[in-house]
Amino acid sequence: MLTVHRLIHPTRRVSAHCDLPCGIYDPDQARIEAESCLRICEKYAASEDPNFRARCIHIKEERADLVIGHLDDLWHDYFKPVHLEKYPDLHDTFWHATKQASTVKGSLDVEEARKLLTMIDRIGEMWKATGGPEKTRVQ
Amino acid sequence: MIRAVLARPAWIIGAAGAAVVSVGLGFLGRRVLSHLDAVEVSGRSMIPTLRPGDRLLVETWTYGRRFPQVGEVVVAPDPRAPTRELVKRVAAVDDGRITLRGDAARSTDSRRFGSVPLAAVRARAAFRYWPLARAGLIPPAIAVPPAIAVSD
Numbered sequence: 001m002l003t004v005h006r007l008i009h010p011t012r013r014v015s016a017h018c019d020l021p022c023g024i025y026d027p028d029q030a031r032i033e034a035e036s037c038l039r040i041c042e043k044y045a046a047s048e049d050p051n052f053r054a055r056c057i058h059i060k061e062e063r064a065d066l067v068i069g070h071l072d073d074l075w076h077d078y079f080k081p082v083h084l085e086k087y088p089d090l091h092d093t094f095w096h097a098t099k100q101a102s103t104v105k106g107s108l109d110v111e112e113a114r115k116l117l118t119m120i121d122r123i124g125e126m127w128k129a130t131g132g133p134e135k136t137r138v139q
Numbered sequence: 001m002i003r004a005v006l007a008r009p010a011w012i013i014g015a016a017g018a019a020v021v022s023v024g025l026g027f028l029g030r031r032v033l034s035h036l037d038a039v040e041v042s043g044r045s046m047i048p049t050l051r052p053g054d055r056l057l058v059e060t061w062t063y064g065r066r067f068p069q070v071g072e073v074v075v076a077p078d079p080r081a082p083t084r085e086l087v088k089r090v091a092a093v094d095d096g097r098i099t100l101r102g103d104a105a106r107s108t109d110s111r112r113f114g115s116v117p118l119a120a121v122r123a124r125a126a127f128r129y130w131p132l133a134r135a136g137l138i139p140p141a142i143a144v145p146p147a148i149a150v151s152d
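Order-wise, the sequence lines are chains A and B. Residue numbers for the first sequence follow the numbering used here, beginning at 1 and rising by one. Residue numbers for the second sequence follow the numbering used here, beginning at 1 and rising by one.
Isolated chain B, as found in the complex (with noise of 0.2 angstroms):
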């Protein structure tokens, strides 16, 4: 049913999500659209999870409750550039601190640039909507973690 629908032609879909996106929209209320923006991925390190252009849904509803876990993908500021946001993997909670790790073996990370305040890492990667053929949500945790720590 659902190759049914992706084999249409992709401007039926785009319609089609645009419209439901829209109505959707019009029903949730300010408060929750608050909690909730969209981002575009840039970069290879968390290949095969998410690709270069992948267009995310985050949310700050959850870490407003409870503390991020392991295994959650993760929107949190690079803390040796802040303006700049990065999306990774937790990889571990411990003592306030979040140890963050991307799921290719080629990975910029904690193993870099140490763990995180806790309190830095407040969005989730919930829902990727872009591309349709790959929309769906995030996985929170990757099957094969990455064997060996790469410097670059």
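This is chain A alone, in the form it adopts within the complex (with noise of 0.2 angstroms):
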């Protein structure tokens, strides 16, 4: 029944999600896609072999895929405006993490994989701050 009240107050929601919200989440799953990626980078430049090398930039680039996407999720479903008021700089932190994830996807520097790591980290700080391992680990 449609109401002035239910119409400035929509009470019921409809999901167009695309994945049914299982509440775990965690920054070691970007981080250990982004440890995969740091060593991948070690063993290309390690390498003479070319088939080797190309399997290297092909997995690398879908490791880097990964990192987006678990970042995005942590985000877009973890992170809630009451988070952001406690951390200004949470749209910015992620913004840069997953620019740097895209960077990483297309370089081979080990350094630009040490710095996502160590963006990954401070997401993993601000997780931990807001009662993440408490909220989403299953004990």
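Hint data in this document are derived by calculation from the structure and do not stem from the laboratory. Given the structure is predicted, the values throughout are model-derived calculations rather than measurements. Some clues are possibly wrong.
Claimed, not checked - Across the chosen pairs, the derived CB separations fall in these ranges:
hint, chain 1, residue 1, chain 2, residue 2, range
1, B, 127, A, 23, 53 to 61 angstroms
2, A, 62, B, 42, 52 to 60 angstroms
3, A, 52, B, 118, 51 to 59 angstroms
4, B, 111, A, 118, 32 to 40 angstroms
5, B, 48, A, 114, 48 to 56 angstroms
6, B, 42, A, 43, 30 to 38 angstroms
7, A, 52, B, 127, 52 to 60 angstroms
For glycine and all other residues, C-beta sits at the position ideal for the given N, C-alpha and C.
From the two separate chains plus the hints, produce the assembled complex.
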């Protein structure tokens, strides 16, 4: 039944989510993929085999995309407006971290991968400080 | 002319809209109102058609009279969690079951949870009333269908 009040404050939610929110959010997921990127850059530099190097590039790009996806999930789903009050630089941090993940996707520079890890660790600190481990890890 | 209206401060449009709506609701009978409801969209799987935060009028009148048709945007309970309601587009209707798809390339829909029974789909998303700048009828078909099935 439609009322003016329901028009102004619709309480009925219809969901167009792209997955069932399982409530599990952990920056380690992004970190492990970013660590892979870093190691792959090292292995690439140490190898002379063109086939191995081609595989390195291919796999690193996949892993960097996974980093972006995991960071996006944290950004969009875990963090809430109350967290933004505590960390006004939250959006900036994620924006730079996802951009850095794109840089790593297209680069074979170990230092770029290391920068990405530092940024993910900063997000990890915010996740910890907002009670992430208690809220999202299965005990 | 629409541009001229939209250029006015939001509160004038808002107040005019509220006046039109409340007068309109006054004229509509309870029978009509009982077929209508207001809902808010969450999630991104219906982008570009619907965005998170869009407010829609949904109606149950149509599907009381005929079956849902391919292309229509509908509200249906999530088969995996029936207290949740989904908003998706009808991709196919056959054998008493409806296949649902999101408009976005990334969407959890019938590719993941299968088709839903015809009887589960009772409401049609008819009209977006908020935000005003994108107010209008919900288009009954998307120009470019999602090209690939993505599992998440």
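query: Between residue 52/A and residue 118/B, does the C-beta distance stay in 51 to 59 angstroms?
result: Because 55 angstroms falls inside the window, the suggested range holds.
- request: Indicate whether the distance between the beta carbons of residue 42/B and residue 43/A respects the range 30 to 38 angstroms.
  value: Because 42 angstroms falls outside the window, the suggested range is violated.
- request: Starting from the range 32 to 40 angstroms, see whether the pair residue 111/B and residue 118/A falls in it by beta-carbon distance.
  value: For residue 118/A against residue 111/B, whose Cβ atoms are near 38 angstroms apart, the range 32 to 40 angstroms holds.
task: Look at the Cβ atoms of residue 127/B and residue 23/A and judge whether their distance stays inside 53 to 61 angstroms.
output: For residue 127/B and residue 23/A the Cβ distance comes to about 33 angstroms; the hint is violated.
query: Quick one: are residue 52/A and residue 127/B within 52 to 60 angstroms, going by C-beta?
result: holds, 58 angstroms
query: Holds or violated: 48 to 56 angstroms for the Cβ distance of residue 48/B and residue 114/A?
result: Cβ of residue 48/B to Cβ of residue 114/A: about 37 angstroms, so the range 48 to 56 angstroms is violated.
query: Honestly, do residue 62/A and residue 42/B meet the 52 to 60 angstroms range at C-beta?
result: The hinted range 52 to 60 angstroms is violated for residue 62/A and residue 42/B, with Cβ atoms some 30 angstroms apart.
Hints 1, 2, 5 and 6 from the earlier list are contradicted by this structure; the remaining hints agree with it.
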